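Participant: Spelled out, the chains give:
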Amino acid sequence: MTHQVPFRRSLRIAIFRGLLGIARVNKFSTIARVKKLLGIVLLCCSYAIGAIAQQKITVAVAANMQYTIEAIKTRYHLTDPTEISVVVGSSGQLAQQILHGAPFDIFISADTSFPQRIAQASLAVAPPRVYAQGVLVLWSVRKDILPKPDMALLMAPGITHIAIANPVTAPYGSAAQYILKKYNIYDAVAAKLVTGESITQTSQFIATGAADIGFTAKSIVISDAMKGKGVWVELNRNDYPPIEQAAVLIRQPVANPAAARFYDFLFSAKSKAIYQQFGYLVQ
Amino acid sequence: MIDLEPFWLTAKLACCTTLCLFIIAIPLAAWLSRRSGLFRTVIEVLVSMPLVLPPSVIGFYLLVVFSPGGAIGAFIEQWVGLRFVFSFEGLLLASMIYSLPFMVHPIQAGLSSLPPTLQEAAWSLGKTRWQTLVQVLLPNIRHQLLTAVVLTLAHTVGEFGVVLMIGGNIAGKTRTASIAIYDEVEAPNYHNANIYALILVCLSFLILFILYWSNRKRGHYPMW
Amino acid sequence: MNLRADMTLTAGELVSLYGHSGAGKTSILRMLAGLMKPDGGYIKVNGVRWYDAAERLHLPAQKRRIGVVFQDYALFPNMTVRGNISYGIRQREDNYLTDELLDLTGMSRFAGSPVQSLSGGQQQRVALARAIASRPSLLLLDEPLSAIDNALRLQLQETLYHVHRRFQLTTILISHDIDEIVRLADRVLHLDNGMIEAHPNPGIFFYRDGSGLTGRVVHIDEQQIATVLLRERIIKINAAGSGIAAGEQAAIFYDGAAPFIRKL
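Residue numbers (this note's numbering), protein chains in the order written: chain W, 1014 to 1296; chain G, 6 to 229; chain E, 3 to 266.
These are calculated hints, taken from the structure and not from any lab test.
Predicted, not measured: the structure shown is a model, and the values here were computed from it.
Quick reminder that beta carbons are idealized off the backbone N, C-alpha and C, glycines included.
Check each hint, because a few of them may be wrong.
[As the list claims (entries may be wrong)] Pairs of lysine-lysine, DSS-like flavour, derived with a Cα cap of 30 Å:
(1) W:Lys-1240 / W:Lys-1086
(2) G:Lys-178 / W:Lys-1194
(3) W:Lys-1086 / W:Lys-1069
(4) W:Lys-1205 / G:Lys-178
(5) W:Lys-1156 / G:Lys-178
(6) G:Lys-178 / W:Lys-1161
(7) W:Lys-1285 / W:Lys-1242
(8) G:Lys-17 / W:Lys-1205
(9) E:Lys-65 / E:Lys-39
(10) W:Lys-1156 / W:Lys-1240
(11) W:Lys-1205 / W:Lys-1240
(12) W:Lys-1285 / W:Lys-1161
(13) E:Lys-265 / E:Lys-238
(14) W:Lys-1242 / W:Lys-1283
(15) G:Lys-178 / W:Lys-1195
(16) W:Lys-1242 / W:Lys-1156
(17) W:Lys-1205 / W:Lys-1242
(18) W:Lys-1069 / W:Lys-1285
[To be verified] Covered, in the sense of this in silico footprint (three residues per stretch, anywhere, with C-beta under 8 Å from a C-beta of chain E), are these stretches of chain G:
(19) 109 to 123
(20) 126 to 133
(21) 137 to 146
Hey, can you work out the whole structure from these sequences and the hints?
Facilitator: Here's what the structure looks like:
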């Protein structure tokens, strides 16, 4: 994929060069100086116009989507040059920040309840929309541990620390907690549980081997960064409530068309293909 | 529900850290205050590094080094039976690194401010370096010792970044007061967060008040 | 500056190390004490080598039986007077020494006082007592009376003298004060240009033929009696016939019969 110089920038350069060309006839004559000044003024104006048209947007992304969003961005940039800056955190943390006025344009959460809180606070342009469904996996990089979906192995004495994300702020964490309770082993392993602030920190605990085993998102384990590390197994989807991941467009004092465009892209067929590539389930 | 366990944990961590550091820092400060040269300057810089490094960096590297999946972590677990990740011992080690300059600097400054003839007089009377340190030098820098102890206590109470990285938020073992407050803010449970924060502020105020008050009480004329 | 100290002391004698400031007197003391390492040579005390460059032997201060009185006294502020003195006691048998020294130095009244509350002269006495309590083979005094005012100095010189007589300690006294040296020392070691000259008789050493006392004439009255300001004294002397006027520098001589004044 080649990087194409945006149309507006080339136009600007052309204007300036043209003016300079006229001026080059006699660099020091009054007419030339006036034309040079004119050229500079036009340049400034075109920058102003360009600044309004070519906007930047900030997207707050739940930790499990941190690799997926990069792929979405790359695909998006094939047709739209909008600068997208990404902020990663746990869904709960990000929702908190938005409720307190953080300047994000779009919130891509790992569940539906946090985007709904944004909507309830009248900070959303439209009700939240589900873009994908998350898959919970059990993962370990320790050579002597083999994750299995029945989870009985979590009670083994050889496993000292089990990493999960904070159930209060990370939806994958609450799903993990749910599944442990469903299998009636939550009380037995509660003392072994190690909580990460987000899926990122949880995955860090697992990937460095600090935790013997842990629960994380499928999109993390199949990403390029983590591919091939350790062994993971998908957990039975019926054992935990579906992790429906929703996004919401945040209301701004001045409407940002670039944000609305990217938001719509999140639900396009191209994006859905990417979500599937990263292990999510899509309708 | 206000749970006071994080405060006991914080108190325990602060006291253990201060005690361990006190034992380590005194010989170190004594060595630093009397030496000069390249090696000593390097050590002095290393002691001061935790002042500059972000606590999360310290925590992260401790996590990587002591992870039982790695060589060092596995070795320690096999031979000593300790895991420094997700444990109180790990927090203790991290706190000791993080608060080291707060214990060493006041003691070092205090020892350097004593006239050299004081220890020379003790040596001339046949006392060893260690006897001189304990019987003559340290008793004469009581204020600096108190400053060092209280600063370390207060600094450990406020520790957050390191604990966040290497603690794992385990109730009763690594969920310190600062982490508990953070959790309540995240929940969000502002009511609890406010109460926890208030308790912590009062404790810190008390600690600092003791320091400054006791440093002012003495009115004796200094010897030099 | 190169320092070459070549000296031999007899047991029990009090010698004075004399020289102008910066000559190296304190350095020699510190080397004897083991606080500074010489570049070469040897130090032997009572047959035991404390320092020997050839054998790479350097006994630290702790292992030498020395007593030092520093210029700033270096008393321990965290101990009382009694605590300071008894800190030096090496054997339990010597415990009686603390009380005896308190007596000798006239400090018994202050035994329980903190050292910060003492005057300069009192601190000096405690420092002396502390140095002696450890029963040193060699007592080193680094200008012990330099910070004391004149009135007290005489008294303290007496104390030093009595203490020396009582304990017969081999002592090296660094001093600028000619009075002191003549009164206390058996010999003078003159440190000049990095070399030591021993002089067996301090009184004779300090006699400067022809260059006795110099001062300034402050006032001459009608009877030709001149008031002369000497270094720390003011005297009156008959200046008749000397032709000297007020404000001028004068020298006072003694030719065996009477003192007379001459213009400088």
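Participant: Run through the hints listed earlier and report the numbers of any the structure violates, in increasing order.
Facilitator: The structure conflicts with no hint, since it agrees with every one listed earlier.
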